[in-house]
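Top to bottom, those sequences are chains A and B.
Each residue of the first sequence is one higher than the last, beginning at 69 in this note's numbering.
Each residue of the second sequence is one higher than the last, beginning at 4 in this note's numbering.
It is possible that some hints are incorrect.
What the hints assert, rightly or not - Partial selection, computed: residues in chain B whose CB lies under 10 Å from chain A:
hint: 1; residue: Glu41
hint: 2; residue: Arg48
hint: 3; residue: Gln383
hint: 4; residue: Leu407
What the hints assert, rightly or not - A short list of chain B residues far from chain A (calculated; beta carbon distances all over 12 Å):
hint: 5; residue: Asp37
hint: 6; residue: Ser227
hint: 7; residue: Pro337
Calculated directly from the structure, the hints in this document are not laboratory data.
All C-beta atoms, glycine included, are put in the ideal place defined by N, C-alpha and C.
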Amino acid sequence: MREPASKATPLVTLRINGRAVTVPVGTSVAAALAMTDRFVSRADLSGRPRGPLCGMGVCFECRATIDGVPEVLMCLTPCREDQEVVTDA
Amino acid sequence: MREACDLVVVGAGPGGLAAACRAAEAGLDVLVLDAQPEPGGQVWRGEARKGANRLARRWLTRFAASGARFRPGARVVAAPQPGVLLVEEGSSSFAVRYGRAVLATGARERFLPFPGWTLPGVLGVSGLQVLVKDGFPIRGKRVVLAGTGPLLLAAAATIHAHGGEVLYIAEQASAASHWGFALQLWRHPARLLQGALMSAALISVPTSTDAWVIAAEGEGRVESVRLSVRGREEQPRCDYLGAAYGLVPNLEVARMLGCETSASAVVVNERLETRVPKVHAVGELLGIGGVDQALVTGELAGLAAAEQPIPVELEHTWHRVHAFAAQLALHDAPRAELRRLATPDTLLCRCEDVPMSALEGCQNLREARLYARLGMGACQGRTCGTAAQTLFGWPGEDVRPPCLPARIGSLRLPSDVSSTHTRES
Ligand SMILES: Cc1cc2nc3c(=O)[nH]c(=O)nc-3n(C[C@H](O)[C@H](O)[C@H](O)COP(=O)(O)OP(=O)(O)OC[C@H]3O[C@@H](n4cnc5c(N)ncnc54)[C@H](O)[C@@H]3O)c2cc1C
Ligand code: FES
Chain A
69 MREPASKATP LVTLRINGRA VTVPVGTSVA AALAMTDRFV SRADLSGRPR GPLCGMGVCF
129 ECRATIDGVP EVLMCLTPCR EDQEVVTDA
Chain B
4 MREACDLVVV GAGPGGLAAA CRAAEAGLDV LVLDAQPEPG GQVWRGEARK GANRLARRWL
64 TRFAASGARF RPGARVVAAP QPGVLLVEEG SSSFAVRYGR AVLATGARER FLPFPGWTLP
124 GVLGVSGLQV LVKDGFPIRG KRVVLAGTGP LLLAAAATIH AHGGEVLYIA EQASAASHWG
184 FALQLWRHPA RLLQGALMSA ALISVPTSTD AWVIAAEGEG RVESVRLSVR GREEQPRCDY
244 LGAAYGLVPN LEVARMLGCE TSASAVVVNE RLETRVPKVH AVGELLGIGG VDQALVTGEL
304 AGLAAAEQPI PVELEHTWHR VHAFAAQLAL HDAPRAELRR LATPDTLLCR CEDVPMSALE
364 GCQNLREARL YARLGMGACQ GRTCGTAAQT LFGWPGEDVR PPCLPARIGS LRLPSDVSST
424 HTRES
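Build the full structure now, drawing on both the sequences and the hints.
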């Protein structure tokens, strides 16, 4: 079950809120978000932080602006080279 | 833009893949749509790239060779007329005209609110598991899991295999119910679940029955969890909490098409055809039954759609896995204490920030929508509607299109598809 260390896996670098993050190809943007300091995708109506909940496109907690398109679900979006991700929190 | 096909399959999990393979191999023109970027559904997430799971590899290879067409990132949002689906794909959209349909939209987790459940770092049990499969950095992180049934163990095994430390597994079911169930399990062909049970035993994580999460605490993110463990309270510190109580089928597309549902499952006949002619349902839509049920019902529906004879063994297998699904449902029923964890200011609806106190006096989901805006946000009640069903016994409402948030442009029927409209597109 254990995966071999990602020796052959190609990497991509994207930016999340301006910060460069390098991840193996196939990583979802929601998973990459956890590699930044804050696993926070948005703020609720009172300004409290929220993060991804369901990981599968159901809860809509992980919506972000990706490459200029608003309200994209990070958990259903694979990381790509030069992708620009902006969360609203 | 438009597409036409003999058979459209909504969902590319094991159920949808098996249906697509059988139908395409029998000569139908099959189109498979899935919101995810790769085929595999929930249980085979990432397997299209990794090829680590033998069963998944076998089906994904067969699918690739079957001649069925696959459109990833394609979300079915509306069904404007019989035989037509509207689909959103990235920033564009298209219509599909189909002869038959197989619905294989799978299931989601049941979330129940407790104080602190909106803190970042609190996720679903399988939610955390699928994120780990998608590359979530779990190595060296401390995780508490709380929920019910075999998926708890499957998640623990995945987290452990990726270097995470599972501190505790809290199983809400009573010891009697849990062990009765675990013993039953061996009689059924639930290979993956058996595997999960064994790997959880091997990693020797402290596990308790009669245990559940009372609250999550932390400043801006989860830092510790208050657990009730057989009547005692424990408060482990952790980096992530996975908390969810079993699965519920994703019935939105089926309901939107007008399929009858009963006891949270789509009603089908022996050809797995719903009450809407030429529309079949498979997998978790028939009641939570795991990967074996998804595969066998997918094969059955694919053969039925292609008007092929159904082999007897396949029918036998289906009846066997069906019995397993019934067991699982009994085991997974959330205990009464879980319905009393939320306080008046605990949010029930996470999209619209609706606290429990706002629902005072509401008798049903419709009133809660009208007076408190419950379920009016982005997820359209997928999370809070399911919770309200468990907390208050409110049945789900009819689904109105779009069944997922969609752009206005995606809901317009292209003129070359519509028989009644003659608008230029
Ligand atoms: C998060 C999660 C993790 C799980 N992990 C395991 C596990 O480790 N082991 C195990 O035995 N079981 C697991 N299960 C149980 C699992 O549901 C079944 O074993 C199996 O995946 C069911 O197959 P299925 O084909 O019915 O549905 P799924 O595999 O759930 O596939 C349904 C597919 O439909 C797609 N879909 C839904 N709605 C739409 C729409 N409107 N438009 C387009 N596409 C749509 C989804 O993107 C999904 O890919 C998990 C379930 C969940 C929810
Ligand atoms: S985490 Fe729930 S939709 Fe992405």
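Do the hints match the structure? See the list:
Residue-level restraint check for Glu41/B holds (minimum Cβ-Cβ distance to chain A is 8 Å; threshold 10 Å). Taking 10 Å as the C-beta contact cut-off toward chain A, the hint placing Arg48/B at the interface holds, the least distance being around 8 Å. Taking 10 Å as the C-beta cut-off, the interface hint given for Gln383/B holds, the closest approach to chain A being about 8 Å. For Leu407/B, the interface hint holds, the least distance from its beta-carbon to any beta-carbon of chain A being 9 Å, beneath 10 Å.
Distance check for Asp37/B against chain A: the nearest CB is about 10 Å away, which does not clear 12 Å, and the non-interface claim fails. With a closest Cβ-Cβ approach of about 16 Å to chain A, Ser227/B is found to remain outside the 12 Å limit, as its non-interface label requires. Against chain A, the non-interface label of Pro337/B holds: every CB pair exceeds 12 Å, the least being about 17 Å.
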